[in-house]
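In order, the protein sequence lines correspond to chains U and C. With numbering that gives the first Met the number 0, the residue at position 306 of the first sequence is 305, and numbering never jumps. With numbering that gives the first Met the number 0, the residue at position 298 of the second sequence is 297, and numbering never jumps.
Because the hints were derived from the structure by calculation, they are not lab data. Values in this document were obtained by computation on a predicted structure and should not be read as measured data.
In this list, chains with the same sequence are indistinguishable; a pair is considered to hold if it fits within one copy or across any two.
Below, simulated DSBU-like cross-link-like pairs (lysine-lysine); rule was C-alpha separation at most 30 Å, straight line:
id : residue 1 : residue 2
1  : 62        : 111
2  : 142       : 271
3  : 271       : 14
4  : 142       : 187
5  : 111       : 88
6  : 271       : 62
7  : 62        : 14
Number of protein chains: 2
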Amino acid sequence: MTTRGRQIVLAARPKGRPGLTDFRLEETAIPTPAAGQLLLEVQYLSLDPYMRGRMNDGKSYAKPLEIGEVMPGETVAHVLVSSNSAYVKGDVVLARTGWRTHALSDGAGLRKLDPAAAPITTGLGVLGMPGFTAYGGLRVIGKPQPRETVVVAAASGPVGSLVGQLGQLAGARAVGIAGGPEKCAFVKDELRFDAAVDHRAPDFPARLAAACPDGIDVYFENVGGAIWEAVLPLLNDFARVPVSGLIAQYNGVPDGDGTDRLPATMRQILSKRLTVRGFIYYDFASEHYADFLREVGAGIATGRIRYREDIVDGLENAPGAFIGMLEGRNFGKLIVRVAA
Amino acid sequence: MTTRGRQIVLAARPKGRPGLTDFRLEETAIPTPAAGQLLLEVQYLSLDPYMRGRMNDGKSYAKPLEIGEVMPGETVAHVLVSSNSAYVKGDVVLARTGWRTHALSDGAGLRKLDPAAAPITTGLGVLGMPGFTAYGGLRVIGKPQPRETVVVAAASGPVGSLVGQLGQLAGARAVGIAGGPEKCAFVKDELRFDAAVDHRAPDFPARLAAACPDGIDVYFENVGGAIWEAVLPLLNDFARVPVSGLIAQYNGVPDGDGTDRLPATMRQILSKRLTVRGFIYYDFASEHYADFLREVGAGIATGRIRYREDIVDGLENAPGAFIGMLEGRNFGKLIVRVAA
Chain U
0 MTTRGRQIVL AARPKGRPGL TDFRLEETAI PTPAAGQLLL EVQYLSLDPY MRGRMNDGKS
60 YAKPLEIGEV MPGETVAHVL VSSNSAYVKG DVVLARTGWR THALSDGAGL RKLDPAAAPI
120 TTGLGVLGMP GFTAYGGLRV IGKPQPRETV VVAAASGPVG SLVGQLGQLA GARAVGIAGG
180 PEKCAFVKDE LRFDAAVDHR APDFPARLAA ACPDGIDVYF ENVGGAIWEA VLPLLNDFAR
240 VPVSGLIAQY NGVPDGDGTD RLPATMRQIL SKRLTVRGFI YYDFASEHYA DFLREVGAGI
300 ATGRIRYRED IVDGLENAPG AFIGMLEGRN FGKLIVRVAA
Chain C
0 MTTRGRQIVL AARPKGRPGL TDFRLEETAI PTPAAGQLLL EVQYLSLDPY MRGRMNDGKS
60 YAKPLEIGEV MPGETVAHVL VSSNSAYVKG DVVLARTGWR THALSDGAGL RKLDPAAAPI
120 TTGLGVLGMP GFTAYGGLRV IGKPQPRETV VVAAASGPVG SLVGQLGQLA GARAVGIAGG
180 PEKCAFVKDE LRFDAAVDHR APDFPARLAA ACPDGIDVYF ENVGGAIWEA VLPLLNDFAR
240 VPVSGLIAQY NGVPDGDGTD RLPATMRQIL SKRLTVRGFI YYDFASEHYA DFLREVGAGI
300 ATGRIRYRED IVDGLENAPG AFIGMLEGRN FGKLIVRVAA
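Build the full structure now, drawing on both the sequences and the hints.
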C-alpha cells in the first residue's frame, strides 16, 4: 500500500474553455479511518459535463466550487480499510469522492456494486447518473409513444445512447445526432438507432429533416445551440423537450450574428404547444431509480441495451480528457482509470 | 328588420402593426335560412389578440385567413329566424360568426346562453374563451399551491384578471403587471391582487422583484418580450410557465440590441428545472370546461370573481379598437356592440 495519495483541485476559474492550468495535481497523505469510517481507494472516476458549471462562480443548482477544492465527481472505489460494520475490505462501491485516489467515508451516500451483475464501470454510465438522466427524462417528461420520433444529440454519449434505445423500446423511432462519420456509424450500426445524422455536415438541418419525415415528438435536449435551431422547425404539435444539458454553452455562448433567437422559440412553444422542461436526474430518483436499475440492468444483461465507454488511464490525465469532452472529443462515456 | 347586413373582411395582410386599410367594411344581403338553419343577428363581437396571427400567411395552429374573407371571431347573437327545432326566435347563443352583423348557422358549435345566469357579454370574456384560457392554463400547467406566488401580465385584461384571482383562490399570492397607474390601481383595488406593478416604470424589473420577495412560482405568459426578461431571474426552482400568448411579438419582433436571449432562457430552464409549456384553451376544453363554467360561474354570481369589460359601439369601429388592443389601449375585455 502506497503512503501518498493524489488529488486534482480547481486552481483557477476558467473564462470560457478551461485550460490545463485551471487544474492542479496535488500529493496528499492517505488518511486513517476513525471508528465507523472507511478508507476508499478510487478505481474509476467519471467525467461529466455538469462539472464545468461547478467551476464557475455563478448561481446554479449546486454551490460553486472554491478555488483549491478538489474537483467533484462520482467514482467507483473499493474498500481498503473498514472500521464500519456495514462494509468489508474489498467491497466495491459507488461514491462521490471527487478527483482523488483515496478518500474517507462514513458510508453515507455509498451504493454497493455487484461486480458479477455488470461491469463496475457501468455504475458511472449506463447504470448510473447518465443512464438515469436518460431514463428519468424520458419517463417523466418525454413519454415517447409507439410510432413517434425521438431525437437526441450527443447520441454516442452515455445519455444520448440510452435515450435512443429506450425510445425504441417504447416503440418510437430513434434518430441520433453525433459529430463525425465514425460516431454516426456507431449510433446507427452498433446502437441500432433508426437513423444517425452528422451535425458537422454543412447541410445538417436538411439531413435532420430528411431523417425525421414525420417530424419530431420528443427532443431530448443535452446540447443546445445550433442543434436546437435545426430541431425547432421539425417539432410536432405537443412535442416534449426534456432539457438535461446544454453542453454547447457551458464554455460560454459564442458571439452571435445579432439575432435574438428567443422570440422564435417562444412562438413555436405557443403555436405547437410544446413542453420544454428542465430537470436534473436526482429530481426523479426517489420515484424511479429502482425501476431504472431493474429495467436497464435487464437490458444490459440480455445485450438488448448497448453502451460504449471511453476509458483514459491515470488521474493526471483527467483535466485534458475533461477539456476534450466539452468539445466532443470523447467517444462514449468518459471514465478515468485511477487505479487498476 | 333591415334588409342589408354588414361585415368586415381582411383587405390586406399587415406587415407589423395593422392599419385601418387592412380591413374593409362591406354591405351584404341578409340570407334566408334553409330547413334546419338559423338566422343569427350578432349583438356582441369579441376582439382577441389571437386574431392578429390569423391575418398572417405563415403556419400557425389555425389556417391563415384568405384576403377578402370575413375576419374570424366569437360573438353573442340572438336567433332572428329559426328553421331548426332546437332553437326558437329570441334564443341567445355563443357563436363563431366572425366580424359581421348576420350569419346563418345549422346549430353546430353554438352554445345557448342564459341571460338570467350572468350578463351575456361574459360569454365572450370571463365565462368564455379568455376565462377558460386562464383556468385551463392554471389548472393543467400552472398548478398554483398555497403560499406560492403567481405573476401575470396584462393583468387588467380578461385572461390576466382571472389568472390572479384564481391563483388567490388556490391560496397563492397574486402579482399583476399592467400598463400605467390607472390599470395598476384597478388590479390592486378592484381585482384585489396582492400587488400590481407598472411595466412602463423605468425601474420595472426592480419593482417586480420587490413585489415578489419570495420569487415567482407560476408565471402565466401572455405577453413575452421585456416582461419575460424581468420575470426570468425571479423564477424559483420548479416554477411553471404556461404560455398562452405573446402579444408583444404579434406585430413582429422589434429590432433587438444584438443580444441572443435564448441561451439565458435555456440555462434558466435547465438550472431551475422550469416547465415552459404552450397551450391553446381548446386543448383542455373536453376535460375541464364544465368545471370551469361551474367554478367561475359561481365566483361571478357571488361577486368573489370580478372582471371588467371595455365595450366599443359599432361594427365599423372594430378595426380601430383591435389595433389599439394590440398596443394595450383597451382596459378590460374588449367587446364590440354590434346591435343593441
